[in-house]
Amino acid sequence: MNLTIIRRLIQITAFIVMVYGIGLGGYYLADKLTSSLPALACAYDMQTADHCALISFQHQMAHHAAPVLSSGGSIIQAFLPTAITLGTFALLLIVLSKAFCGWICPLGFFQEVLNIIGQKLGLQQTQTLSKNITSKTRPVKWLIMIFLLFIFPLLAGFGVVGHELGDPFCRICPSRILTTLVTGDTKELVVDTSSMSYLILSVLATFLFGLMISIGLMVRQPFCRICPMLSLNTLFKKIGLVRLVKEAKPRCVKCGLCAKSCPMDIHEIHTDMENKDVIYPDCTLCGRCVEFCPDKDVLKIKYAFFPILSSDPGYFKKRKKAQTQWEKITLFGGHKK
Amino acid sequence: MKNKNMIFIASGLLSISHLCYAELLWSPKPKTPPITHKIHQTNHRIKEKIFYLNDNTHAHVKFITPSLNIKIVNAQKDSNKYILPKTGMDNYHALLAERKTDNTYESSLRYVSMRDKPSGYSPRKLIKKNKLPLEIVPEPMIREHWHFYTSNNHNYKVLFKGKPLADTWVTLNTSNGSNLDAKTDIDGMVSFILPEDFKNIQPGRRANQPEEFILRTVHISHGITYKTNFSAPYSVNPSHWNSNIGGILSLSIGFLSGIIIMRKHNRASRRAS
Ligand code: SF4
Ligand code: SF4
Ligand code: SF4
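Protein chains in written order, with the numbering used here: chain R, 1 to 337; chain L, 1 to 273.
Nothing false has been slipped in among the hints.
Derived lysine-lysine pairs resembling DSSO-like cross-links, with alpha carbons at most 27 Å apart:
| hint | chain 1 | residue 1 | chain 2 | residue 2 |
| --- | --- | --- | --- | --- |
| 1 | R | K276 | R | K300 |
| 2 | L | K264 | R | K260 |
| 3 | L | K71 | L | K100 |
| 4 | L | K264 | R | K120 |
| 5 | L | K62 | L | K128 |
| 6 | R | K187 | L | K199 |
| 7 | L | K264 | R | K131 |
| 8 | L | K264 | R | K136 |
| 9 | L | K117 | R | K237 |
| 10 | L | K128 | L | K157 |
| 11 | L | K264 | R | K328 |
| 12 | R | K276 | R | K302 |
Rather than coming from a laboratory, the hints here were simulated on the basis of the structure.
For clarity, every value in this text was computed on a predicted model and none was experimentally measured.
With these hints in hand, go ahead and build the complete structure from the sequences.
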């Protein structure tokens, strides 16, 4: 038993709850729980147990904040619902921090499964993306957050841009297509011909979904790299009780196994020699860096002050062996790396 | 049609009340047919929610919040127009009208989605709550912000004093002119596929104003005729302008593009090393 196996079991359970929640808690579960989940469980999935905060923010901008402001309401009135959603979102992040991504998110899990499939099919894997590529993709999630979650929905609410841009992130979100498809509902895998803007948005969404699938077979977590949830939860990372702590040793300089194991290609987890708190914006708190660090107690996952897992040479050896054996199993005996 | 007799009986029962009052029925527009068609525009202001009762003589109107707080709503002066009060909560609220006479008990129910602060309550609390002696309960009520669409099947349960009412006729009428009927099963359940009865369908949900469907049922117990209705808006099914084939095609192009990008990337990184 290692951390990754435990994480997989939790991810499978979370996937079932988030995608097929009805069976467990009844039809209205999603409306009862938080509606502010820091993971892409989707409101368009009829059976979901709870849904992501992103749709709430977009709707609050377009259907509440903008109309209230344009009818002369105060800023407080306009943004009160958003503040409440943000508060719930923050409370959830206190409990699990960015681990919602690495442990709960159905879309995050789906991308991990894709990568396993790609590896088993023997497709050539790109284990680490170059710094050049990651530095280009990193800002995208911030832009998506600012424009697609807040600015366009607000402008749509004021009538400055078309109502099609009232929930622009949902329009292109891969989780909407994935989570409905796996419940046997094809109504989101469509091209919407009702207007030019909907046509463009729906073509973009389905195209992105296909792109994510094929790239996901060869690169780890392709969509996560531009997901606005990562930027949003980064704003609250200081309050989370789950922490990733590093106590760098001189040997770190030559090692770098942590960064290699990181599905999000966070090079800094290796190169950072000063900070103790090493939750970077792209981190999903999957814990792989801790598992693959061969040095004693250099990397740790803590819950508040209690250590959950500390890097350890013994654990590393076993984990490495397990990984090598796992990677040897391929359907057609294709590429290893 | 095998149901003809029953419709006849049901409509006969309905007409008993018509001796004194018009039917108690909620509507979002001042008069049910004819409904004027107006293209929906972007909401620039938060509008008040307004409903009209067909005939509100001696009617009592209640508005129930998701937390089951009851607010009494009075009609605007000399009219059948009701402006729903703000309750500080979002999600479904129940709008009820009741009228009792010596031998009849009429009621009309609809669920209204309000925009406000998150209520913190599951809509189940309100929808499952026994609100009327004879009640048509959507099973389930569509989730807030969802729509009843044509061609979709929906289930309803008929309850009398909180218990399922078996073998009872329920009629469905739409403002587009369709009439359907069905009998409840042993659990009081009945289901209807909303008819594809919109004419001149335009592409896009906003281009087609929603219409109303009304479910009605009647039950007689201890000499009292109980009559109730449940009404809600329904819309044109988006499959009229959404194409699955297009979706699959666009997904496939995305998929192939991903493969091409990765092949290029792999070639470039092999060259670099
Ligand atoms: S489409 Fe995406 S952003 Fe919108 S509700 Fe679904 S998961 Fe959330
Ligand atoms: S970053 Fe990935 S895991 Fe996190 S919410 Fe987005 S898709 Fe899910
Ligand atoms: S830094 Fe560590 S915990 Fe964070 S994503 Fe990378 S491997 Fe996972």
